[in-house]
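So the sequences go chain by chain: L and P. According to my numbering, the first sequence holds residues -10 to 224 in order. According to my numbering, the second sequence holds residues 235 to 317 in order.
Do not take every clue at face value.
[Claimed, not checked] Label pairs and their calculated CB-CB ranges:
hint : chain 1 : residue 1 : chain 2 : residue 2 : range
1    : L       : GLY67     : P       : ASP237    : 53 to 59 Å
2    : L       : LEU164    : P       : ALA241    : 27 to 33 Å
3    : P       : LEU310    : L       : LEU164    : 20 to 26 Å
4    : P       : GLY264    : L       : ILE102    : 38 to 44 Å
5    : L       : ASN155    : P       : VAL252    : 28 to 34 Å
6    : P       : ALA312    : L       : PHE34     : 37 to 43 Å
7    : P       : GLN269    : L       : PHE129    : 32 to 38 Å
8    : P       : GLY264    : L       : LEU199    : 32 to 38 Å
9    : P       : ALA241    : L       : VAL183    : 16 to 22 Å
10   : L       : PHE47     : P       : ALA241    : 50 to 56 Å
11   : L       : VAL183    : P       : VAL240    : 21 to 27 Å
12   : L       : VAL196    : P       : GLU281    : 46 to 52 Å
[What the hints assert, rightly or not] Here are some chain L residues the structure puts well away from chain P; computed CB gaps all over 12 Å:
hint : residue
13   : TYR5
14   : ILE19
15   : LYS59
16   : LEU83
17   : ILE100
18   : PHE129
19   : LYS136
20   : LEU138
21   : VAL149
22   : ASP159
23   : GLY172
24   : ALA176
25   : ILE206
Just so you know, the hints here were simulated from the structure itself, not pulled from any lab data. All figures in this text were calculated on a predicted structure; none of them were measured in a lab. Even for Gly, the Cβ is constructed at its ideal location relative to N, Cα and C.
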Amino acid sequence: MYTFLLSKIEVGSHLYINFTKSAHLHGETIFVSSVVVTLVSLFLFLGTRDLKKVPGTFQNVIEVVYELVKGIAFTQLGPSYYSQFLPFVATIFLFVLGSNWAGALIPWKLIEIPQGELAAPTNDINTTACLAILTSVTYFFAGFKIKGLGYFARYIKPSVFLLPINIIEDFSKPLSLNFRLFGNIVADELTVSVLCSLVPILVPVPVMVLGLFASSIQALIFATLAAAYVAEVIE
Amino acid sequence: MVDSLVAAASVIGAALAVGFAGIGPGIGQGNAAGQAVEGIARQPEAEGKIRGTLLLSFAFMEALTIYGLVVALSLLFANPFVG
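Start from the sequences, fold in the hints, and give me the full structure.
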């Protein structure tokens, strides 16, 4: 009885680019991240080139995106602080949305790389960990900038007994952000891969659509939570 | 090669992790959806806001199941006790 390999799923294997014996990069994550950043920057640049009072189609799309991101920042941060953190929220939202959708929509399998496969860069835990740490650093920085040393009063509010819980919360916030995004994207990719290896025709399509929807919701959640953490520190 | 005891324990652990992780958030999301539907039934013009809040809450509850999935995936594919 002949068995042959129709499709192969590998989890956790990357294209390693080695510098020294211990320092290496994940080549495929960096490549897709660079493509996503280039595409998003190009999209935004082309849309805001000559702005007219009566917008054309492209400018209309950019205005929708801007209203969406401004809505997130405005709702969480309030009218006096939202403009300081709007670029940060927009970066997080657009990068996460762009990388999730680029991983799901662009046919990366057509390009064969020697080890690992090209997919959404957010399925690498290093990407999501980096975004989560960036959020953490941002809300620390926001606290110091806007409140000065009075930032540390936050740890003993509303009562001193909550001090250990507040300290633990400082670690669990970026951890939960990290794993939420990573888990959602990896779970969706694994489901689609397993379904494609079992029934390659028609059946994976609803799961792919669900994956598109869920990944865009995750981008919104990440941006909303980042803004909410900053707002919580600024009060 | 993989020690067979470690392999068997990892598989059982992964299955238990995902299985139990689905219980709590399942109950929670069902409750949230029920209350949301009741809210919409009571005031149909607030449907947009209710749906937005509902989806946001779903994402938070879903994250708890995903934590279990992450444990299962790491036991199956990136097992630190193997090799």
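So, going through the hints one by one against the coordinates:
1. Separated by about 57 Å at the C-beta atoms, GLY67 of chain L and ASP237 of chain P satisfy the suggested range of 53 to 59 Å.
2. A C-beta distance of roughly 28 Å is found between LEU164 of chain L and ALA241 of chain P, which places it inside the suggested range of 27 to 33 Å.
3. Range check, LEU310 of chain P to LEU164 of chain L: Cβ separation about 21 Å, and the 20 to 26 Å hint holds.
4. At about 43 Å, the beta-carbon gap between GLY264 of chain P and ILE102 of chain L stays in the expected band of 38 to 44 Å.
5. Distance hint for ASN155 of chain L and VAL252 of chain P: a CB-CB separation of about 32 Å, consistent with the stated range 28 to 34 Å.
6. Our hint of 37 to 43 Å for ALA312 of chain P and PHE34 of chain L holds, since their Cβ atoms are close to 39 Å apart.
7. Between GLN269 of chain P and PHE129 of chain L the C-beta distance comes to about 36 Å, which sits within the given range of 32 to 38 Å.
8. Here the CB-CB span from GLY264 of chain P to LEU199 of chain L is close to 18 Å, at odds with the stated 32 to 38 Å.
9. For the pair ALA241 of chain P and VAL183 of chain L, the beta carbons lie near 20 Å from each other, so the given range of 16 to 22 Å is met.
10. For the pair PHE47 of chain L and ALA241 of chain P, the beta carbons lie near 55 Å from each other, so the given range of 50 to 56 Å is met.
11. At roughly 24 Å, the beta-carbon separation of VAL183 of chain L and VAL240 of chain P lies within the given 21 to 27 Å, and the hint holds.
12. Distance hint check for VAL196 of chain L and GLU281 of chain P: the Cβ-Cβ separation is about 27 Å, which falls outside the suggested range of 46 to 52 Å.
13. At roughly 15 Å from the closest C-beta of chain P, the C-beta of TYR5 of chain L stays outside 12 Å, upholding its exclusion from the interface.
14. Every C-beta of chain P lies more than 12 Å from that of ILE19 of chain L, the closest at about 20 Å, which supports listing it as non-interface.
15. For LYS59 of chain L, the condition that its CB be more than 12 Å from all CB atoms of chain P holds, with the nearest at approximately 16 Å.
16. Look at LEU83 of chain L: its CB is around 18 Å from the nearest CB on chain P, clear of 12 Å, so calling it non-interface holds up.
17. No Cβ of chain P comes within 12 Å of the Cβ of ILE100 of chain L; the nearest lies about 23 Å off, and the non-interface call holds.
18. Non-interface status of PHE129 of chain L relative to chain P is upheld: no Cβ of that chain comes within 12 Å, the nearest being about 23 Å off.
19. With a least CB separation of 27 Å from chain P, LYS136 of chain L remains clear of the 12 Å interface cut-off, as annotated.
20. A cut-off of 12 Å between C-beta atoms confirms that LEU138 of chain L is not in contact with chain P; the least separation is 33 Å.
21. Even its closest Cβ contact with chain P, about 28 Å, leaves VAL149 of chain L beyond 12 Å, as expected for a residue assigned away from the interface.
22. Every C-beta of chain P lies more than 12 Å from that of ASP159 of chain L, the closest at about 18 Å, which supports listing it as non-interface.
23. Under the 12 Å C-beta cut-off, the non-interface status given to GLY172 of chain L relative to chain P is violated; the minimum distance is some 3 Å.
24. Residue-level check failed: ALA176 of chain L sits 5 Å from the nearest beta carbon of chain P, not beyond 12 Å.
25. At roughly 6 Å from the closest C-beta of chain P, the C-beta of ILE206 of chain L falls inside 12 Å, breaking its exclusion from the interface.
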